[in-house]
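Novice: Sequence:
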Amino acid sequence: MRFLLVVLVSLLCAPAVAQINLSVSGIVLDSTTFQALPFVAVQIKSKPIGISTTETGTFSITCSKGDTLVFTRLGYKPVLLKITKANDRLRIMLAEDTKLLKDVTVYADYHIKGLDDWKKDLPPNTQVQIKKQALEPLPNEVAVFGPGITIGLGGKDKTKNKRDELSRTETYRKTISDPETKKQLISLYNLTEEQYNKKLERFNEENPDVFYLTSPQEIITMMIQFFALKD
Numbered sequence: 001m002r003f004l005l006v007v008l009v010s011l012l013c014a015p016a017v018a019q020i021n022l023s024v025s026g027i028v029l030d031s032t033t034f035q036a037l038p039f040v041a042v043q044i045k046s047k048p049i050g051i052s053t054t055e056t057g058t059f060s061i062t063c064s065k066g067d068t069l070v071f072t073r074l075g076y077k078p079v080l081l082k083i084t085k086a087n088d089r090l091r092i093m094l095a096e097d098t099k100l101l102k103d104v105t106v107y108a109d110y111h112i113k114g115l116d117d118w119k120k121d122l123p124p125n126t127q128v129q130i131k132k133q134a135l136e137p138l139p140n141e142v143a144v145f146g147p148g149i150t151i152g153l154g155g156k157d158k159t160k161n162k163r164d165e166l167s168r169t170e171t172y173r174k175t176i177s178d179p180e181t182k183k184q185l186i187s188l189y190n191l192t193e194e195q196y197n198k199k200l201e202r203f204n205e206e207n208p209d210v211f212y213l214t215s216p217q218e219i220i221t222m223m224i225q226f227f228a229l230k231d
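In case it helps, my numbering puts the sequence shown at residues 1 to 231.
BS3-like, lysine-lysine: derived pairs with alpha carbons at most 30 angstroms apart:
(1) Lys230 - Lys85
(2) Lys82 - Lys45
(3) Lys182 - Lys47
No wet-lab data here; the hints were simulated from the structure. None of the values given here were measured: they were computed from a predicted structure.
With these hints in hand, go ahead and build the complete structure from the sequences.
Specialist: See the structure below:
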């Protein structure tokens, strides 16, 4: 009798503790233009699980019943969705966050000034002396792109290595040096300057492949997903 009672109690409790895995998929759109939004971070709240939408705005993720999905993209208000059942036709609408966008400054591609450009900025009749001297890199020179990033540039042709490395990491360097990226991440996660720098340093150390990505939005999506994780 006691054995039967234990079995019955176990059977009754089993559904309560078992986690039901659900497949959820759909598309994320801009709520104003209805355009698909690529590289939106899709994170399971309070869990180290996340993906990003494809270039066509679609996503597919496996989660548990009762989980909350958080959809985040810089410049947009986050959307939270509690999952109660499997669904393959979700349509998530993200609205622009005008509070974040109103002070955005748009920067053109970097322009390196030549000698003639510098001369134009000088006072009239200024004498300019040109020294023709090859610049030699220091021994064991490294390229430093931000907190936690130091890439060795040794080898037979150090100057060429440096030029190639800077070219390959150009998108990443521009993305993390953009003050708006920093400003919006700090605002999104309510961080202090010190907390932001520590997060960025850990992100750089744990994601070395990100240096060579060529899509700014993909880089930002990875940063959003990483910054969402609790320390």
